Each structure stands twice: as C-alpha cells, then as structure tokens.
Amino acid sequence: MRRIACLFVFAALCCQAAPTVKDDRGQTITLAQPARRIVTLSPHLTEDLYAIGAGNLIVGTVDYSDYPAAANKITRIGGYNGFDLERIRALKPDLILAWDSGNPPQQLALVAGLGIPVFYDNVGKMADIPGVLERLGVLTRHEAEARAAAAQWRQRMDQLARRYAGKRPVRVFYQVWDRPLMTINGQQIISDALRLCGAVNVFADLPAIAPTVDEEAVLAANPEIIATSGEPGMQAGVLARWQRWPKLAATRNGQLVTLPPDLLSRKGPRFIDGAEALCRAVDKARQP
Amino acid sequence: MRHRPLSVARLLAVLAGLLALLALAVTASLCLGSTPFRPWQLWQAGSDAELARDIVLNLRLPRTLAAIAVGGLLALAGALQQVLLRNPLADPYVLGTSGGASVGALTAMLLGGGALAVNLGAGCGALAVTLLVFLLAGRDHSASQARLLLTGVALAAFCGALTSLLLSIAPDGLLRGMVFWLLGDLAGARWHWALPLLGALLLLVWPFARDLNLLSMGQQPAHALGAQTQRLQWLLYFVSAAATALAVTTAGMIGFVGLIVPHALRLVLGQDQRLLLPACALTGGTVLLAADVASRIVLAPQQLPVGVITALVGVPVFLWLLQQRAR
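So the sequences go chain by chain: A and B. So the first sequence is numbered by my numbering: it starts at 1216 and just counts up by one. So the second sequence is numbered by my numbering: it starts at 48 and just counts up by one.
It should be emphasised that the hints constitute simulated quantities derived from the structure, not laboratory data. Since the model is a prediction, treat every value here as computed from it, not as a measurement. Mixed in with the good hints, there may be bad ones.
With a Cα cut of at most 16 Å, we get these calculated EDC-like pairs of lysine to aspartate or glutamate [to be verified]:
# : chain 1 : residue 1 : chain 2 : residue 2
1 : A       : Lys1340   : A       : Asp1309
2 : A       : Lys1462   : B       : Asp219
3 : A       : Lys1382   : A       : Asp1498
4 : A       : Lys1340   : A       : Glu1301
5 : A       : Lys1462   : B       : Glu97
6 : A       : Lys1288   : A       : Glu1301
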C-alpha cells in the first residue's frame, strides 16, 4: 500500500517535472521542463497565453498579434501565412504554438523539421477554446490560472445558452467580407455562437466553410439581421450596400450591425466577448 | 474551309443569327439564378412579386448588361489587337493596358479606397501604360510592329511584377478582395458606361474595316493599296486600349474571351473585318454572359469566378475548332 502511495507521489513529481499534453492533432507533447520561450504563429494563440498569465513567455509572434497592448512589443517573425524560419530558430524557442487550420501546411512541415516541440491548435467549436487554455496552462505551468480562465469561459457560455434558450429563433446573415460577398456555413465557429444566441444562420447548409454567395440569395433568404465584424483593411460602411434593399427585413428594421473587430474572427479567449456582443445584437432584433 | 465573299445579305443574316443567340443568353440570364424567381412572377400579385422585381430587375438585369458590355469590349479589343500586331497570340492584355489597370486598382485598394477610387485607379493605370507604350514605340514603322509588341510585352511584365509586389505587401484582410479583383467579377459591375461606349467604339472603327482587311495582309501591301497605315495603326491601338481599359475597369481581369472569340469567329466566318468586328462584339457578350450564368448556378448559391468558367469551357471548344480547321 505504501509502495503504491509512493508511486503516486513519484508520478505526481515526475509530471510536475515533465509537462505532458495531447494537442489537437492527437500527438502527445512532453516537455523536459515547462516552456519558457514560446513562439506563437497566430494572434489568437498570443491572446491565449496572455489569458492564462503566460504572455511574458512569448519571444516571437506574427503580425496582427496586437492584443493585449503588451503583445505589440514582441518580436515579429512574419505573418500567420508565411513566417521566417531563420528568425524562429534564432529566437531559440522551447515551444512553438501553431495554428493547424490557418498556417500553411508546407511551412508547418518546415517548422516541425526544426526539432522544437510544436503544439498544434485546431479549434473547431467554441467549447474547444477553454480546453486549449488548460493544456497551455500545463505546458507553461500556469495550471491554476488556466483552470480559472477556462472555468470562467465555460460559465459565460452556459449563461448565454441559458439566457437565450427557448427565445424566438432569429434569421441571421453573417457577412465575412463584402467583395466577394462571403459568409459562413453551419460548421464554422461563428455559427456555434449563433446557436448559443438562439439565432439561425441562413446559409448554414452550404457545403463550404466560408462560401461566396450572391446578393440574390441573401434577398431570398430575407435575414432579420445582417452582422459583420470590423477587420483590418476593411472599409467603413461595408453594410451600406444593403440600404439599397428597403424591403429586406434587416434593412427595414435597421438591423445592420457591425460588431467590434477581431473578436469573432480569432478563435481565442476574446471569442466569448464577441459571442456576447452578437447575442445582444440578435436579441435586439428579436424585440418587435 | 472556304468562305463566301461578304454580301449585305450575308452580313445581316450572320448578325441576326448572333443576335438571336445573344437574346437566348439574355433570357437565360434573367430566368436563372441562385433563387427560383422567374421574370413572369413580376406580374403576379403578392409579396413575392416585390422580391422577384428586386431580383430580376435590380440584380440580374444590370449584371446581364454588364456581362454583354464587358464580353463585347474584350472580344473587340482582341480582334483589333490581332490585326494590329499580326500576331495570333495577341489578346487585349498583351500590350500592358490591363496590367496598368491592375496596378492602379490594387494601389487604390491598398490605400483604402472605395469602389469608385478602385475604378478610377484602374482607369488611370490603363491610360498611363497606354500613353507610355505610345511614347516609347510611337515611331515604329516596321511591317511587323515588333517594337510596339515588345514594348507592350515588357511593360506588361513590369506591371505584373508591380502587381505581385502589391499583393505581397498587402494585409491579409485586403488580399482576398485584391485577388478576387484580379480574377474578374461581374457582381456589382456597372454597365452604364461600358455598354454605350462599346457601341461608340464599334461605330468608330467599323467604317475602317475595309482598310483593316488590307492591313491584315501586311503594312506594305496595305500602303501600296492606298491605306493610311500609320494613322490607321494608332487608331487601332487607341480603340483597343480604350476597350480593354473600359472592360477591366468594369469587371476586373476576365481572361480568354478576348483571345478566343476573335479566333473562333475567324475560323467560322472568314477574315472580313466588316463582318468580324460586329460579330466579335455580339459573340463576346454572349460568351461572357453564358459563362456568368454558369458561374452563378453551377454551385448556387455559391459563386464561382467567371474567368474560371470562360477558360474551362472556352479552351476545349477553341481547340476543337482548331482541329476541325486542320482537316
């Protein structure tokens, strides 16, 4: 009995010494010691680390890693879709956080060749985000903060679900981009948020994740609210085109909504803020 | 293939046939789309009638007219370039006009300009390159127009490099719109300038069609037969540049229409420019319109870039025509 207890204590000590997690590719990552020099390959991964109090461990990141403000001072290694391997290597990171569905696969293959442990993040649903925070907590030994952040995240998700469950479903057209006119289908993570808000994505059934559609299809779908998020390089007034169609329910009721930038386009800790803003907008459209 | 000499009857018969094809494409374009609304619903009662009116008259009709105008302009420009350069590879984009338009349009996008600024940028870019080519190669009196062709090709390559540079420094958010512009897009294209100007340019060059016939035999024979070759060449150059600039400004870079339509018509109808020029304008419009209808309905409500359809369907048809000719 005592021997078994000893084994447990040993196991606990051993795992303290060597953090181990499974990433979203299903591979096990074991670090000799907690990560101290991290390179992030996406703005939302930078935000993830700051959210668990590990932002100061980041030694390199990509363009547009601009939140929180402190992230602007981190060394840049390129953009999320093309980065400088030489510079990554020179920063001597002991962990690289990659965005599996966003970074180009050829570049990720080269990154893997550096021989530095790589954690592949591939968030598909809102419920995946707190799990990423917890695992990054293990890798950086910020478990307590990560667990707290994750718990709070789940609680806010539950609150949204409870508040809007059973409310009248609202038809939403989410405009990702105006020219070409792009939207999202039901598998995209923003549709996840729409479901929490008790809203229906009018193009949920399209096969492509981010399909290009025409105005005709939007008019026929007659959404009650048209929402978009500000994005870098995007014009003000991207929703102005819908003013041309006064009979469209969203236009008639003045429900052309621009949400704060970056919240819903980054699969990181602030996505829940975006979801809450989206839910408020949807609920406003719900009032007669 | 031997072609009968042109008579007024033949000219009218062929153009009437092409006009009928165009009418067919227009009907299809007004009736088909990502939603099942049809023009005859306009006269029905009920709330659907208003939606049908919006969709048929305010969305499909302007797009249809823009497709006809852009296709016609590109085919006309291609036909003129092929006479001017006496080179079967010539298309509206070969002399750099469209490259200049791309650089102008992408620069406007990068500076955060709206749709108007982008169109203006495209127009200015096209004009700048057109004038530059004229200044650099304006004294080319050679039979082959080699200097004109090489100047144009070199400037086109330069514009291509500038385009790549602009694309590589553009932020991600803008990149999508920029690449989309380069692929060509008829959604939201405006016909109000393009269609009347297509008519005007056609009327401007058509009286010279007989001289163009002489010119296509070569500059020296044409000169011997009394054509004012130098002036004619610059007329050709500026009309084709204007047509290209207008098309690119309206709908971005749509490929293959300007190369393939004039060649295909020449294979079928013969060399006479008096018939070929109006036929090109009509057929170019029909081809682009048909491609646009396909791009709208194949994966509806998802949209495909129209340039992809023109190339995927146009190239096999053209190769088939070429094979027929060889026999």
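Does the structure break any of the earlier hints, and which numbers would those be? Numbers 1, 2, 4, 6, in rising order.
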